[in-house]
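Please build the complex by placing chain B on the supplied structure of chain A, with the hints as guidance.
There are 2 protein chains.
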Amino acid sequence: MDTSRIVALVMAGGSGTRFWPCSRRNLPKQFLSFGAEESLLAATVRRLDGLIPRERVFVITGVEHAALAEAHAGVPAANVIAEPEGRDTAACIGVGALVARQLREDAVLVVLSADHLVGDEKRFRDALHRAATLAADSGAIVNIGMRPDRPATGYGYVEIGECIDSGDPPGFRVRSFREKPDSETAARFVLGGDFLWNSGIFAFSVSTILAELQQHLPELHRDLLTLRDPRSFEELKRVYPTLQKISIDYGVMEHATNRIVVEANFDWDDMGTFEAVARHATVSVGKNLARGDAVFHEAHEVLVINDAPGTVVVSGVQDLLVVRTGETVLVMRRKDAERVKDVVKALEARGLTHLL
Amino acid sequence: MDTSRIVALVMAGGSGTRFWPCSRRNLPKQFLSFGAEESLLAATVRRLDGLIPRERVFVITGVEHAALAEAHAGVPAANVIAEPEGRDTAACIGVGALVARQLREDAVLVVLSADHLVGDEKRFRDALHRAATLAADSGAIVNIGMRPDRPATGYGYVEIGECIDSGDPPGFRVRSFREKPDSETAARFVLGGDFLWNSGIFAFSVSTILAELQQHLPELHRDLLTLRDPRSFEELKRVYPTLQKISIDYGVMEHATNRIVVEANFDWDDMGTFEAVARHATVSVGKNLARGDAVFHEAHEVLVINDAPGTVVVSGVQDLLVVRTGETVLVMRRKDAERVKDVVKALEARGLTHLL
Chain A
1 MDTSRIVALV MAGGSGTRFW PCSRRNLPKQ FLSFGAEESL LAATVRRLDG
51 LIPRERVFVI TGVEHAALAE AHAGVPAANV IAEPEGRDTA ACIGVGALVA
101 RQLREDAVLV VLSADHLVGD EKRFRDALHR AATLAADSGA IVNIGMRPDR
151 PATGYGYVEI GECIDSGDPP GFRVRSFREK PDSETAARFV LGGDFLWNSG
201 IFAFSVSTIL AELQQHLPEL HRDLLTLRDP RSFEELKRVY PTLQKISIDY
251 GVMEHATNRI VVEANFDWDD MGTFEAVARH ATVSVGKNLA RGDAVFHEAH
301 EVLVINDAPG TVVVSGVQDL LVVRTGETVL VMRRKDAERV KDVVKALEAR
351 GLTHLL
Chain B
357 MDTSRIVALV MAGGSGTRFW PCSRRNLPKQ FLSFGAEESL LAATVRRLDG
407 LIPRERVFVI TGVEHAALAE AHAGVPAANV IAEPEGRDTA ACIGVGALVA
457 RQLREDAVLV VLSADHLVGD EKRFRDALHR AATLAADSGA IVNIGMRPDR
507 PATGYGYVEI GECIDSGDPP GFRVRSFREK PDSETAARFV LGGDFLWNSG
557 IFAFSVSTIL AELQQHLPEL HRDLLTLRDP RSFEELKRVY PTLQKISIDY
607 GVMEHATNRI VVEANFDWDD MGTFEAVARH ATVSVGKNLA RGDAVFHEAH
657 EVLVINDAPG TVVVSGVQDL LVVRTGETVL VMRRKDAERV KDVVKALEAR
707 GLTHLL
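Here the protein sequences come in this chain order: A and B.
The first sequence lines up with residues 1 to 356 when you count with the numbering used here.
The second sequence lines up with residues 357 to 712 when you count with the numbering used here.
With the rest of the complex left out, here is chain A (with noise of 0.2 Å):
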């Protein structure tokens, strides 16, 4: 294909509170670096980097971090995308899909999520190259997959059906999405064989995904068309607020006919929970995890992640996260550590905004 058409959406949302208190409300996860160079979204944009040029890559993010996603991005700031508040997915996409076909009107827009951490970036581009091709010569919503390596209930699936392209990575039609399963159901999926881990990463020419929004979310659409320019923060600041607030997902996915989905075989974690943070920790004792310095004794299970200079020192404990940052000390369970939300929450209600 003509890759001159592929236009790439950096979605760059988040509030900060899954990885809190490493994140805060004015530094949330796509902004951190997880101990590596750049950040998650600098990698991301970066990544694209020989497939997709910067002057085609937009990120859409809060008003609120648009002024550090346009110094972590690297891309013009007239690409930077503000949204006055977050409407979920369904309207983020519709904006990008407006904004691509400024540039050209057959723009392929390939969707990515600014917090993913990806393995081997050559594959990658890969499948992002053959999942823009698909979506160009078929029309259809194109979705990568993962090949499940665990029964991971964090993440939403896949189940294939029919081979509709043999190469590599080879393409299949999809039968159905499913969201995150329960542990039992994730065992199922992964045993058969026909799920794949939904990554998240999408590529729809944009009269396809207009069309499909049309159909599925008419008022959204309809709301959206009325935007004069999709960049003005002003255009948006008059939209926003009525805007129809449902994901891509369940506003679209899972009604459309013509979908297709790229299994890939790059390595990749979307790093939504600390756990994730821990399958890349560079410390591992026993069943210990840690990134930073921490040193285990006679401790069990026990996630540590220090940020800030100095030790954690975890004696005689099992099942415990420990999260350092240089002005805060995190401790709760482990087997716990997806409902950190809730312990921000519990904060914000005793008025202790100031520690998010």
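Quick caveat, the hints were computed from the structure, so don't treat them as lab data.
C-beta atoms are modelled at their ideal positions from N, C-alpha and C, and glycine is treated no differently.
Treat the hints with care, as some may be off.
[To be verified] So the derived list for chain A, only partly shown, Cβ under 7 Å to chain B, looks like this:
hint, residue
1, 314
2, 324
3, 355
4, 356
[Stated by the list, open to error] Ranges of calculated distance between the beta carbons of each label pair, as one might list FRET restraints:
hint, chain 1, residue 1, chain 2, residue 2, range
5, A, 318, B, 705, 16 to 24 Å
6, B, 675, A, 339, 16 to 24 Å
7, B, 434, A, 33, 55 to 63 Å
8, A, 335, B, 695, 20 to 28 Å
9, A, 335, B, 692, 17 to 25 Å
10, A, 339, B, 597, 52 to 60 Å
11, B, 695, A, 301, 17 to 25 Å
Below, chain B without anything else, positioned relative to chain A:
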């Protein structure tokens, strides 16, 4: 009595392991302030003002902490006695007795620890005055005992006998000294009413303690008497390596016959453990306790000692001790808090001495 006979010996030894990481090798607990404006050592000396002038207050500590002790204690530099190595309290008190005898032959030595917390300082001085008077008058070894308010297992006990002075505070013959009891024994001690806590504060005339040392620890006594100047570090370096290493309690107090205990009634704590710190913590939330900034969320029986700027947030856990300094975070079971020494040993065994 003639209070100019009273000489104080403040024992300020300690290796900094019990309160690690609040205490460090180069900053043992007597130099910590535990939230107060002055360190425990500074408070110990200042508390004597009005009873014992600073020129008659001697501080004995390890040579590595002598300079720090001088800075904290506010006594003449010549009054800081540097021990070349720790040889336990019998040696320490023997040296103190010889130093006091240099001032005057009829000196009455009051022995104090640098790590006590005292609530009512007037009563404290009254009790000390009474103890010194009884020591001067009777030639006895006089101990200050505290009426227990709980069956503490962390203190030694004194069994009281005949009342020999019904003043305020009253004095009793000592029937026996008891080591730290188990909790059952401690409960019996407290219920029976015949047991006081051994505060470790003693008073005796110099001639009494030297005679007792000669009788019960003749080798130690002989070696100490070879000191030409008991304040000379060079002299102490010569004698110390071979001195008998034994506590004054085992070596003398348990064997002496003329023993008196003064039942004092000031608030007192020996700040020997993190639990003792907890008793003086400022914030109590349910059964959680904190010194410094802490937030408890669905947490139970958690003790936070936060000595650095910033916040410790504890969620969904039980029975935990979190100690935070600027450099280090220690997480362990609260019920294991007395075992922090083992953690320090483990760190040492791993060569992590920079943490200690």
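Outcome of the hint check:
Hint on residue 314 (chain A) holds. Least Cβ distance to chain B is approximately 5 Å, under the 7 Å limit. Evaluation of the residue 324 (chain A) hint against chain B yields a held restraint, the C-beta minimum of about 6 Å falling below 7 Å. Checking residue 355 (chain A) against chain B by beta carbon gives a least distance of about 6 Å; that is within 7 Å, so the hint holds. With a least beta-carbon distance of about 11 Å to chain B, the hint placing residue 356 (chain A) at the interface is violated under the 7 Å criterion.
As the Cβ distance of residue 318 (chain A) to residue 705 (chain B) is approximately 22 Å, the hint placing it in 16 to 24 Å holds. For residue 675 (chain B) and residue 339 (chain A), the Cβ-Cβ distance of about 20 Å falls inside the hinted range of 16 to 24 Å, so the restraint holds. Look at residue 434 (chain B) against residue 33 (chain A): about 56 Å separates their beta carbons, and that is inside 55 to 63 Å. The supplied range of 20 to 28 Å is met by residue 335 (chain A) and residue 695 (chain B), whose beta-carbon atoms lie about 25 Å from each other.
A hinted range of 17 to 25 Å for the beta carbons of residue 335 (chain A) and residue 692 (chain B) is consistent with their spacing of about 21 Å. Between residue 339 (chain A) and residue 597 (chain B), the C-beta spacing of about 58 Å keeps the proposed range 52 to 60 Å intact. At roughly 20 Å, the beta-carbon separation of residue 695 (chain B) and residue 301 (chain A) lies within the given 17 to 25 Å, and the hint holds.
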